[in-house]
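*Asks:* Protein sequences appear in the order of chains A and B.
Be aware that the first sequence starts at 5, since it is given in this note's numbering, and climbs by one per residue.
Be aware that the second sequence starts at 20, since it is given in this note's numbering, and climbs by one per residue.
Worth double-checking, as some hints may not be accurate.
[Said to hold, decoys possible] Sample of chain B residues at the chain A side, in silico, Cβ under 10 Å: (1) Leu27; (2) Ala28; (3) Arg86; (4) Thr89; (5) Ile91; (6) Tyr92; (7) Gly95; (8) Ala136; (9) Gln141.
[As the list claims (entries may be wrong)] With the C-beta cut set under 8 Å, the calculated list includes, among others, these residues of chain A facing chain B: (10) Glu50; (11) Thr58; (12) Asn60; (13) Val67; (14) Ala71; (15) Thr73; (16) Leu75; (17) Thr79; (18) Lys86; (19) Val88; (20) Gln92.
[What the hints assert, rightly or not] Negatives, chain B to chain A, calculated, CB over 10 Å: (21) Met20; (22) Ala31; (23) Ala38; (24) Thr61; (25) Ala65; (26) Asp66; (27) Ser102; (28) Glu115; (29) Glu121; (30) Met132; (31) Ser140.
These are calculated hints, taken from the structure and not from any lab test.
Heads up, the beta-carbon is just placed ideally off N, CA and C, and yes, glycines get one too.
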Amino acid sequence: MEIRTSVAAQQYAATRLATSPKAESGGTSGLTKLASDFAATLQAGETTAKAAMTGNADPHSLVMALAQTELAVETAVTVRDKVVEAYQEILRMPV
Amino acid sequence: MGNFLTTLAISASGMKAQAGRIRHLSENIANADTPGYHRKSTTFEADMLRGRETGMVRAGPVNLDQRTLTRIYEPGHPLADDSGHYDGSNVDLVVEIADAREAQRSYEANLKMFDQARQMSQSLLEILRR
Numbered sequence: 005m006e007i008r009t010s011v012a013a014q015q016y017a018a019t020r021l022a023t024s025p026k027a028e029s030g031g032t033s034g035l036t037k038l039a040s041d042f043a044a045t046l047q048a049g050e051t052t053a054k055a056a057m058t059g060n061a062d063p064h065s066l067v068m069a070l071a072q073t074e075l076a077v078e079t080a081v082t083v084r085d086k087v088v089e090a091y092q093e094i095l096r097m098p099v
Numbered sequence: 020m021g022n023f024l025t026t027l028a029i030s031a032s033g034m035k036a037q038a039g040r041i042r043h044l045s046e047n048i049a050n051a052d053t054p055g056y057h058r059k060s061t062t063f064e065a066d067m068l069r070g071r072e073t074g075m076v077r078a079g080p081v082n083l084d085q086r087t088l089t090r091i092y093e094p095g096h097p098l099a100d101d102s103g104h105y106d107g108s109n110v111d112l113v114v115e116i117a118d119a120r121e122a123q124r125s126y127e128a129n130l131k132m133f134d135q136a137r138q139m140s141q142s143l144l145e146i147l148r149r
């Protein structure tokens, strides 16, 4: 079977459309939202801890805020580890 | 993770409400011998945010028990009337203890839910760590 150069080039041009990144993929905005949510949870934890130290917040709020912060930090750390692991896995791939 | 965070907040609100209840109960017990003291009871209401229920609970306004005060016979008391009686409090210690036990159980239940949500989230993250 003979494959002509022009056909191959045509097919290549057709697939390029599918593999090229879209201009408005939601990846960036989703990550930004996640990061800002994480920062907000951390901020709330710090504020409540400060308030509890000065006697303005009850221990329930403190425990709740710290548990939420712990959960958020653990989630972020676990996801980061997974992402870094995947990246290293790709780097190790023989090209 | 949003549901877990909300569960933590809701359980904390329940614990906070029960802590307020046990505070009023301790006030009742402390004032059991105060003349003219009306027993306080805590009300609970659903927490609202912009007209919608958040799922949390909060302690509502305090109710004063309007039952008749116990008449105590003590002629030497400065508050005693002509018959030698004065108005005591309407606190029933047995009721207060039962109420306190109920508050304790309720608090424990909320605490259990708090711990449960934390454990669930941690075991979920444990999958990713492997």
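*Asks:* If a hint holds in the structure, say so; if it doesn't, say that too.
*Replies:* Do the hints match the structure? See the list:
no., hint, in the structure
1, Leu27, "5 Å, holds"
2, Ala28, "6 Å, holds"
3, Arg86, "31 Å, violated"
4, Thr89, "35 Å, violated"
5, Ile91, "37 Å, violated"
6, Tyr92, "43 Å, violated"
7, Gly95, "44 Å, violated"
8, Ala136, "8 Å, holds"
9, Gln141, "7 Å, holds"
10, Glu50, "16 Å, violated"
11, Thr58, "19 Å, violated"
12, Asn60, "14 Å, violated"
13, Val67, "7 Å, holds"
14, Ala71, "5 Å, holds"
15, Thr73, "10 Å, violated"
16, Leu75, "5 Å, holds"
17, Thr79, "6 Å, holds"
18, Lys86, "6 Å, holds"
19, Val88, "12 Å, violated"
20, Gln92, "16 Å, violated"
21, Met20, "6 Å, violated"
22, Ala31, "4 Å, violated"
23, Ala38, "7 Å, violated"
24, Thr61, "16 Å, holds"
25, Ala65, "18 Å, holds"
26, Asp66, "14 Å, holds"
27, Ser102, "47 Å, holds"
28, Glu115, "23 Å, holds"
29, Glu121, "19 Å, holds"
30, Met132, "12 Å, holds"
31, Ser140, "5 Å, violated"
This entry does not satisfy hints 3, 4, 5, 6, 7, 10, 11, 12, 15, 19, 20, 21, 22, 23 and 31, going by the numbered hints stated previously.
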